Amino acid sequence: MTDVPTPHSQPRRYRLVADELRRRIRAGVIPPGSLLPSEPALMAEFSVARGTVREALALLRAEGLVVTEMGRGTYARPAVPVRRLGSDRYRAELEQVRSGGLTTSFTVDRQVEWSDYSLDKEFRESPATSPVAELFGVEPGTMLLERRFVFRAHGIPQQTSTSYLLLDMVAGTPVADPANEPWPGGNTSQLHSLGYTITAIREQVRARMAVADEADVLRIPGGVPVFVITRQTYVEAKVVEVAEIVIPADRVSLDYRIDLA
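Take the sequence shown: its position 202, counted from the start at 1, is 201 in numbering that gives the first Met the number 0, and no numbers get skipped.
Worth flagging that the hints you see were computed from the coordinates, not collected in a lab.
Treat the numbers as computed from the prediction; the structure is a model and nothing was measured.
Heads up, some of the hints might be wrong.
Quick list of simulated restraints, FRET-style, between CB atoms [said to hold, decoys possible]: (1) 204 x 77: 20 to 28 Å; (2) 138 x 178: 24 to 32 Å; (3) 62 x 192: 19 to 27 Å; (4) 123 x 181: 47 to 55 Å; (5) 211 x 177: 23 to 31 Å; (6) 256 x 19: 39 to 47 Å; (7) 256 x 181: 35 to 43 Å.
From the three backbone atoms N, C-alpha and C, an ideal C-beta is built for every residue, glycine too.
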């Protein structure tokens with residue numbers, strides 16, 4: 000009878016190195032933005048080979064704790080401000096629109112002033128794909144206004160959004176003109192200017208790893224997933240806008256309140 004090998008009960012050496020460096024980062028011994036010791040220094044401190052050190056650093060990169068840059072070295076990832084994204088944000092927009100006092104802040108983050116907010120934008124007319132058409136409840140191929148945005152606060156990319164509006168609702172209106180973006184009050188104010196009052200918002204949230212172009216645009220380090228929010232905007236029973244919003248998961252807190260009484 001052949002003996003079954005017993006699994007190695009001791010952690011691999013690189014995990015021990017990673018555990019200690021992780022502890023130092025989380026305890027602030029290695030502050031955010033600070034360089035970690037060099038590879039030779041870590042080899043000497045832990046009495047391990049260069050390959051072991053590199054495996055440990057690769058593990059910490061995969062966890063999103065450190066960043067390695069050519070010519071600089073490996074450093075503890077700087078802390079990223081976390082924005083609150085709550086279900087009450089749309090109600091606040093609607094109340095401001097109804098009162099005539101359009102917001103002067105980034106509509107998904109009341110702590111970012113208008114002067115600190117910027118936007119990359121690209122508009123085009125496009126036929127609805129089958130998934131988008133299903134969200135609207137229209138036939139595939141229905142013409143839409145497709146709007147692609149990269150939202151920035153203090154110059155740092157915060158999220159991307161691909162928003163679709165029914166072209167027959169907005170063609171030839173100020174809403175279809177990219178020169179009018181950013182529009183204070185966002186979609187709520189835009190639709191209100193066309194005589195539509197939003198009555199409901201539905202959001203579906205899922206998590207996944209970022210694809211290459213998202214990681215590049217949003218400056219997402221390895222090991223950090225994204226939240227993908229699929230939004231449907233309703234006027235009564237009609238869906239008038241569909242959007243897919245992508246946000247790095249370490250930069251946002253999803254805060255939803257549901258009143259059942």
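Could you work out which of the previously given hints the structure breaks and list their numbers from low to high?
Numbers 3, 4 and 7, in rising order.
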